[in-house]
Amino acid sequence: MNVSNIIEALLERTMIHTRLTHALIIALILALCVRSQPTPTHAAPHQQGAQAPVIASYKMDVQLDPVAKTVSGTEHITYTNPSKDTLNELYLRLYLRAFRDLNTTWMRESGGVSRGFPIKPDELGDITVHTLTLADGTDLLATTTLSDTLMRVPLPRPLAAGQQIELDVSWTSKLPRAFARTGYGGKNDTFFMVGQWYPKLAVYDRGQWDTEPWHANAEFFNDFGAYDVTISVPSGYVVAGVGMPTNPPQERDGRSVSHYTADDVTDFAFAASPDFQTRSARAGNVEIILYYLPEHAASVQEYLDAGVGTITTLSRWFGQYPHPRLTIIDVPNDAEGAGGMEYPTLITGGTGGLPDGSGFVAYVTAHEIGHQWWPMQTATNEATEPWLDEGLTEYSGARYNADAGDTLGFGPFAIGPATFERLNYMSAPLGKPLNQPSWNYSSGGYGALIYAKTALGLWTLERTVGTERFHKAMAEYLTVYRFKHPRAADFRATLERSLGPQPWFFDEYVTGGEIDYAIGDLNPNGDRVTIIRKGSVRVPVDLRLTLASGAVTTSVWDGQNETTSMPAPNGQRIVRVEIDPERKLQAERIISDNGVSVEPLLGPAAQLGGRLMFVFQSIAQLIGLFG
Amino acid sequence: MNILAAIVGGLKNASRFRLVLPLYLGVLLLSLIQIWPLFGNTALYNPVLGALADHTADVFVDLVTNAPDAAASTAAAWSGLTLLLTLLVGAIYNLFSGGMLSAWAGTRSFWAGSRYFFLSFMGLGFILGFLLVIAIAIGAGIGVAFGLTAGSITAIILAQLVNLFGEYARAAAVTQNRRNPLLLLGSAIRIVLRNRAGTLSLALIGLALHIGVALLYSTLTNRITGFPMTILLEQGVVLAWLWIKALRLAWALSVTSQVTVESAL
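From first to last, the protein sequence lines are chains H and S.
First residue of the first sequence: 1, per the working numbering; consecutive thereafter.
First residue of the second sequence: 1, per the working numbering; consecutive thereafter.
Calculated from the structure, these hints are not laboratory results.
Among the hints, erroneous ones may be present.
Said to hold, decoys possible - A few chain H residues that face chain S, going by a derived Cβ cut-off under 10 Å, partial list only:
hint : residue
1    : Q51
2    : T172
3    : L354
4    : L423
5    : S427
6    : R589
7    : I590
8    : L602
9    : F616
10   : A620
11   : I623
For each residue, glycine too, the CB sits at the ideal point set by N, CA and C.
In isolation and in its complexed conformation, chain S is listed as follows (with noise of 0.2 Å):
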């Protein structure tokens, strides 16, 4: 493979970015369900919110603290909204990432390929999901036989695998007209391991990527306070990940393309 070409076609695809907006639109709706419950209470009269907002502890610790029951049912609710709402974000992606990928190939056009994906994907989904608890598991029981860092290292590494898998079984589908879950697993396994270098090459450099706007939006934090740019921020930094997760999809496109290609000559 052609690990130049493979990065140029991707940028180039992922520049179009107007695909990836109804991606992040709907995680900005979801986000939204989320906290709306923060404008339907008496707290919006309460100046704790802006001690809340200011990230005082002290505040926090008070409301744990003396209603702990109180305390203990809002984070059970909230964290159950947010399990479902994440499992919603889910089933976006694979709506929205069938369009991107069929966009950016030709073969179809973006919502007729979100269409036409759908079910496919939230089948890899639901795979991918299996694979990651077996993935960590692993890295648990080496954590009890070797320590707690080896055993996180040894996660994180098959965790990385199997989203590496994932994005090129996604990929596949597109390049091959596919949508057994289990055949595109298969042929994501083959395409990553036959060309090791140039997959694991770009794996990185996403990864690296995400890291990168991790550690820029941790220094940015600091120094920018206040409403609206603390949000603002916020969600550009929400909107490149998003985008870096397309660029990654486009990158593992040109690949299974590039591939797809040698092995028809």
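Just chain H, same shape as in the assembly (with noise of 0.2 Å):
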């Protein structure tokens, strides 16, 4: 998530793209696989086969008083050691305390600013445990300790493997106001995005506790389980939650009271606006119900097209989604700090409050969607290996876009998702690795290096073996972790147990190198071309000749050498050089300088030259001639 970087470069620097013809055929696809309802369905707690471990699961009965901006409720944790240890503690999360107040881990961190958003002293969020027992009735938090957003609790009996305990807890939230992916906002502040809100277990994996605090660049790590909660909201309040409404909202003095079921989930988190208006549509037997606000009605084919697509896609490539409805919530322009973000089965969105027909929301969406496949079927530690979370989720979303002809701004100033990505890509500092804890980069760095070039990293991955092989990769990565916590060798092990070695991404790439070939020089008798290899990244590439006599040859240069030197097959003389024709290598930090001829391009300088002329004759007789 966290798009508002990549964002201001879209702004900042838009330009030349438009695939109109490809749009229009997947948008009359798409226009015929969505069916618009007026209502949500209220189907049966169905979900599509609890595969998951069961590891933390909740019940929960919450009540939000959107007056006093709190949630509060009870909690029934019911947590099984996965591990093979015999566990004397556990860690609660309790997310919201990062915005107590100005010295907190995250806030220090970010300054206190998230997305370009300051949080507002007086409009600070936080968190109170109340009351936190064992089944039985036995006191735990007397014993417990502070630190941050962790809460340790001590175990009055050791927890063995495998076996099961019981907590009760009681607690009250205290939103912020909408900022990093929580809060209210919108008219007479009745919008309420509720997201880390409820003490929440730590995660034990490979014989540790997660024990970082909340990073301000990082998300979460999570276990799963399965979740039943019951909201409660003011009358007239519509509500939007992870998984399944099992019935349609009971009215009860005054209040409105909802429940939801969700198996096979990581978390949960629910939405609450007296304006929300729903639409929904199918993507084969998933339901996808949009929650949007009467002011971004124009965007609501938008979402839903998006929404079709790119589940309809990613299950096609990578698995298929696993559970029977995605939500997507639209958040109003000045709560934009709870937009752009994913749970287990909900989405956020939002319009980054840019006209209709932006491309904005298609490419949030898809992005978000992404993320239903990394982490959210994949649980991996986003705050300590970043890339396999956000930047799969990059690639897979700008991969959904690039197909599905998706354009980022307006006219002629629009840009496709690749040329997006190398945007972000570009302002990134040189020779940085992806492989770090989310806490070593800057917020700018982060989105240009953990989204951006791991996307595009990928997505180069992908053309030097092949679509079809690759996604088939990542969908055996998918099949043989699905529902665990892998980790980035394991990553690595599964694609190259299906794509052979690949060291120039796995130990070059990732690792801080990039990739840069370049004309060395062309003879001027055209006999001999030298290419060279200005990046440290030894990935092939495919060389490209023009022959005097029209012949065309082409060459893979494997790039283990800093230069190499190629005379003119069959004693003719080479015309023109061109390294990567067919732009395999996407995540190629220079390609200006990838192609020379001997002689000079007459005719696409004068196509170019006639381009220009007509700008030019467009502005001067706007301004020229008036009057």
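Once you've looked at the hints, go ahead and assemble the two chains, each given alone in its own frame, into the complex.
Now the structure itself:
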């Protein structure tokens, strides 16, 4: 998520490229797939098979107070020790403590600013645990210790491997004004996005608890489980939550009570607003339901088209989306801090305050839906290995956008997804690795590297091995690690098992290398050409030579040395050299030095000149012929 | 005023297509000056030219992001040259619009009319430019108070009105044989206000024609590819826009002629 830096780059530096015909065809196909419905269905609590290990499950009963901006309630946690170790303590994550003052780890790292929005000191968030007991009533709260966003809970009795423990918690969450994925805003502050809001168990994985506090760049690392959540809001409010509602909201004493259940998920969040309207569509067996605000009615079709297209496409590429429903939440313009976020079966979007047709909605929707594969099915740790989460997701969303013909920007200034990623990548410092913990990156560097550089690297890998092979390898990764906690080594091992060794990607590109090739020299006689590898990444590259006879030869240079010199084949004269003519190396830093011709290229120059003439003539007529 | 007679009269005058050609050739020559550096550069040997011509955004992004200083100085030079050449286009328009109107009215030959009204129309152009700035400022003020849409609509309407006054001022110069730009502008405002329905209808028809050509271009540009068809299409569009501008002047001449005759009667 966290797309604001990317969008800033978009607004600052947009330009040419439309794929109108392609986009129209896709839009037509999607339009045939999309079916509007006036109201959401309240299906039975059906899930497409409980497949994930049930490690941490939550039964909650909570009340939203829109005036006090609080959510309070109780939860019953059932935790099964997933390891072979005996546990003597648990850790509860209290994320909203990150916003309790300006001295938390999160606030120090971010400077109190998220996506360009500063938090207001008089509108902070917090969470207070009132009671914490075992199911038999044994108090645990008295012995807990708090540190930043973590609560350490010593256990009165050790928890053996595979053994289950049940906890009861009561608490109150104070929501901030929409900030860093959660909070309130909108018309009269009646929109609520309730995320990272309840006491939640940390993950015990590979012999240790994940005790990193919540960092500003990072998002989350969660265990799978089942959720059963009852939400009470004032009458008139519409609620949208993770999973499925079990029945229509019940009216009780001036309040509306909703009940949601979800299996095979890692988290729960919900949104509430009296202004929500709904539209839905289907992507095969998956119902996509959009909760939108009236002021964004013009974006409804873009949301639904992107939702249907992304679910359908990524299911085909990587493996089936495993839930019966996906919920999309539209956020108000003044609550963009809560937009562009992913939860299991639920994402938040937003228009970015841009006019309809900018492509922003389709971009954000595709990205957040990509998260439904990474990490919602492969529950990686975003804090320690963010590229496995945001990077794989950015690749997935951008690839869907590219296949759908989506563009960002308006008219002649619209750019395609690959160019958009390149714009971001170009802002990244050179030589920075992808495999660092999230807290080692600046905010801007995190977007440029973890999102864009990873996406372009995976895109390059796809194009060098072939799209079908690559997507099959990704599908294999998902099959092996679905509902587990894979790490980068697991990702590499699975991909290389399918694709063969890819040292240029895993040993060189991920660790900080850059891809860059250039023409060194074309002998004026055209009998020899020198190619230089300027980047440290030794990825094989296609070289195309055009000979004086008109014949074209293509060869592959392995890039192992810093230069290569190629003689003209059969003693013919080389008239043109092109490196990577099919643009397989999407991650190449500089592409304008990838070709040279011994003859002046008058045709293309005339074509380009004609274009520039037209631009000038249009401007000149508009101004010069005024009056 | 008889709007049908004005439309027919204007079409008849504007059908003398050769009178529009000097203006088109002037614009074409200035645009060639603008792109000439492209043909004297080492870039002429780089295949990225083809990618740029094909609207491949990647290459453009690459050029900008990898040499931002060079890109900025090139953009600044291109913008400066564009401004200078646009002013020259304005001067050419001020020269030839007098010739076209004089030839249509039969008061002077094309070249004599061009010379006779040139300085007057240059003065008129400066006044109109000043009024345009005021129109934009008013639009901006309304935009601040009532939102971007309201401000933009206001600015566009005011700019169209100033443009209309300019056209009628040029036509009035020929029919009334006057050259004082301030008096001409006053005369134009009177003619437009006293014949609101007719003049505004003709202005809207002209505007619709301009927009129609733009829409036709946006439709065809995705279907017509490659050199030289793209250039032919774009130059056709430029010529069409110029002709529509000439048609608007011809309609203004028809209206001012009618009004002048009615006043005399």
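Against the structure, the hints come out as follows:
1. Q51: Violated, because the Cβ-Cβ distance from Q51(H) to chain S comes to roughly 41 Å (cut-off 10 Å).
2. T172: Status violated, d = 40 Å.
3. L354: Violated, because the Cβ-Cβ distance from L354(H) to chain S comes to roughly 12 Å (cut-off 10 Å).
4. L423: The hint holds - L423(H) has a Cβ within 10 Å of chain S, the shortest such distance being about 6 Å.
5. S427: Since the shortest Cβ distance to chain S is 8 Å, the answer is holds.
6. R589: holds (7 Å)
7. I590: This hint holds: I590(H) lies near chain S, its Cβ roughly 5 Å from the closest one there, short of 10 Å.
8. L602: With Cβ-Cβ at 8 Å, under 10 Å, it holds.
9. F616: Interface hint status for F616(H): holds (5 Å vs cutoff 10 Å).
10. A620: holds (4 Å)
11. I623: holds (5 Å)
Violated hints for the displayed structure, listed by number in ascending order: 1, 2, 3.
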